[in-house]
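Single-letter residue listing:
There are 2 protein chains.
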Amino acid sequence: MSVVVLTGGVGGAKLVLGLTHVVLPETIAAIVNTGDDFRHIGLPVSPDLDTLLYTLSGKSNQAQGWGREGESWAFMEAVRSLGGPGWFALGDGDLALHVLRGHALAQGETLSRITARFAAAWGVAVRILPMTDDRVATIVETDQGALEFQDYFVARRCEPAARGVRFTGADAAHPAPGVIEAIADEGTRAILIAPSNPFLSVDPILAVPGIADALRAAAAPVVAVSPIVGGAAVKGPTAKMMDELGIPVTPAAVAVHYGELIDAMLVDERDRDAAPAIDHAFADTLMVTLEDRIRVARAALDLAARLAGR
Amino acid sequence: MSVVVLTGGVGGAKLVLGLTHVVLPETIAAIVNTGDDFRHIGLPVSPDLDTLLYTLSGKSNQAQGWGREGESWAFMEAVRSLGGPGWFALGDGDLALHVLRGHALAQGETLSRITARFAAAWGVAVRILPMTDDRVATIVETDQGALEFQDYFVARRCEPAARGVRFTGADAAHPAPGVIEAIADEGTRAILIAPSNPFLSVDPILAVPGIADALRAAAAPVVAVSPIVGGAAVKGPTAKMMDELGIPVTPAAVAVHYGELIDAMLVDERDRDAAPAIDHAFADTLMVTLEDRIRVARAALDLAARLAGR
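Chains as they are written, first to last, in the working numbering: chain A, 1 to 310; chain B, 1 to 310.
In short, the hints are calculated from the structure, not lab data.
Watch out, some of these pointers could steer you wrong.
For chains that are exact copies, the list does not tell them apart, and a pair is met inside one copy or across any two.
Unchecked claim - Below, a list of computed lysine to aspartate or glutamate pairs in the DMTMM-like style, where the Cα atoms sit at most 25 Å apart:
1) Lys59 - Glu71
2) Lys59 - Glu77
3) Lys59 - Asp279
4) Lys240 - Glu141
Just so it is clear, the structure is predicted and the values come from calculations on it, not from any experiment.
Generate coordinates for the entire structure from the input sequences, incorporating the hints supplied.
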C-alpha cells in the first residue's frame with residue numbers, strides 16, 4: 001500500500017517528512033511542482049524538488065525554510081564582485097545540484113532521472129517525481145504586469161497584487177514517468193494534496209494534462225491538507241493572493257477551489273467555523289516540530305482510511 | 001610605450017605581476033594561452049586566464065600556485081556526495097568565474113570581452129587577452145595515447161611520457177581582437193615570452209595563425225625569459241617533458257625551440273654554461289618574492305631596451 005502526495009516546496013516537504021515516520025519511505029511517491037523552475041546565470045534551479053531532496057536527506061535549513069543547513073556564500077560574494085546578479089542567492093553547496101543537473105540535462109538526461117539519481121545518492125527512499133520532464137513556467141498576472149515566478153516571489157517579494165496565475169508550456173507538457181502510474185496504482189491507499197500554496201504550487205501540477213483526470217479516476221481517496229491555519233497562511237503569499245483574487249481566506253474556499261478533484265479535507269482545528277462542505281476532519285495542522293509533522297501526516301492518512309472504509 | 005607578454009598561468013603571471021611594478025599596468029598586454037581551457041561538469045574553465053585574473057587582482061593562492069586565496073570547498077563536497085566527478089577541484093569562489101563565463105558565452109559574448117569585463121570589475125588594468133576567442137585544445141601525445149590537457153596534467157599528474165603536443169582547432173582559430181595589434185603596435189617597446197612551459201603554454205599561442213608571423217614582423221625586440229633555472233624547471237612538467245622529447249634541459253635548447261621567433265633570452269645565472277647562441281643576459285630568474293618578480297621583469301625589459309638600442 002502506498003501514499004501519493006502532490007506537493008510544492010517547504011510546507012509540502014514537512015508533510016512528506018512526517019509521512020516517512022508513519023509509513024515506509026519507499027512506499028511514498030511525491031509528485032512535485034516544477035512551475036517555479038528557472039535558469040539563473042544559466043543554471044537550472046528546481047526550488048521545490050531541491051527542498052524535497054534537502055528535507056528528506058536531513059540537509060535542509062529549517063530556520064530559513066529553504067536551502068541547506070550550514071550553507072556558505074563564497075560563490076555569491078564572488079559573483080557580486082564580478083558584477084553578476086545578486087538578487088537570487090545560490091549557496092556554495094546548493095550549487096552542486098544546479099551545476100550537475102545542468103550538465104546532465106545538456107547531455108539529454110531527463111529531470112526525473114536526474115532527480116532519482118540525486119535522491120539515491122543521498123539515501124532518500126521516497127520517490128521524488130517532478131510533475132513533468134517538460135518545461136512549464138508559472139506566470140503571475142499582477143497589477144505590475146505578467147511576472148515570472150521568481151521575479152514575483154523572490155525579486156519582488158510577492159508585493160505586486162495578483163490578478164491571476166497561468167502556466168506556460170503546461171498544455172504541451174506530459175506527466176513525468178511514474179506520475180500517472182502512482183496516482184492510478186491499485187496499491188495506492190491515499191492521495192494527499194500538501195498544504196502548499198494552491199495557486200502557485202498545486203495548480204501547476206494539476207495543469208499538466210492527464211494529472212487532474214488521473215485524480216478523478218483514482219480509486220484512492222484524495223485528501224487535501226488545508227494550507228490555512230486560523231484564517232491565515234502559515235508561510236508565503238497564500239492568504240495575500242486569496243485576498244487579491246477575491247477568495248475568502250478559509251479552508252472552505254480552498255476546498256471550493258479544488259472542487260471535485262478532492263474527496264475530503266484535513267482542516268486546522270482553529271478553523272472549525274470555516275470548514276468546507278465536503279467531508280473533512282480537524283487536527284492541529286501547524287507543523288513546527290517533527291512531532292507536528294508526524295501528527296498531521298497521520299491525521300491525513302486516517303481521514304483517507306475512513307473514506308476508503310478501512 | 002607598452003609591453004606585450006605571451007604567457008601561460010602561474011610562472012607567467014608572476015612575471016606580469018612584476019611588470020606592473022616596473023611600468024604602468026595599463027601599458028601591459030598579456031596574451032594568454034587558452035589551450036588548457038576545457039569544460040568541466042558543463043562549466044568553461046580557463047585556467048591560465050583565471051590565474052592572471054587572480055594574480056593581478058591580489059586574489060591568488062600563492063602557496064598553492066593556483067586558485068583563490070581563502071578558497072572554500074563546499075561545492076566539491078556536495079558534488080562528491082551526489083556522485084559527481086571529484087578529480088578536478090572547483091572552489092566555491094572560483095565557480096563564479098566559470099558560471100558567469102558559461103552564461104555569457106551561451107549568450108554569444110566572446111571570451112575576450114568576458115575576460116575584459118571580469119578584469120575591469122576586479123580593477124585589473126593590465127589588458128588580459130586570450131590568444132583566441134576560438135576553441136583550441138592542447139593534446140599531449142603520450143605513451144598512454146593522446147590525452148586532453150587536463151587529463152594529462154591534473155588527472156594523471158603528468159605521469160605518462162610525452163611524445164609530442166598538438167593543438168586541435170588551432171588551424172581554424174583567429175587571434176582574439178587586440179592580439180596582433182598589441183604585437184605590431186609601434187608603441188610596443190618589448191615583447192616578452194614568459195618563463196611558462198614552452199610546449200604546453202607558449203606553443204599553443206604560437207599555433208594560432210598570425211601570431212608567429214606578427215612576432216617575426218614586430219619592430220619591438222622579442223625576449224624570452226628562460227623557464228629553466230639551474231638545469232631544472234621551477235614548477236610543472238617542463239623538464240620532464242624536455243627529457244621525454246629528447247631535448248636537453250637547458251636555456252640553449254629552449255632558445256633553439258623558439259628559433260628565429262625570439263631575438264634574445266634572459267637566462268638564469270645558474271645556467272651560465274648552458275646559455276643560448278643568441279643574444280642573452282643573465283639574472284637570478286627564480287621568482288619567489290614580489291621583489292624577485294620585479295627584478296626579473298626589469299632584467300627582461302633592460303635586455304629588450306639594449307636590443308632596441310635605447
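Taking the hints in turn, this is what the structure says about them:
1. Lys59 - Glu71: Both. Shortest intra-copy (10 Å) and inter-copy (22 Å) distances satisfy the 25 Å Cα cut-off.
2. Lys59 - Glu77: both (22 Å within a copy, 13 Å between copies)
3. Lys59 - Asp279: neither (36 Å within a copy, 64 Å between copies)
4. Lys240 - Glu141: within (14 Å within a copy, 65 Å between copies)
When held up to the earlier numbered hints, the structure conflicts with hint 3 and nothing else.
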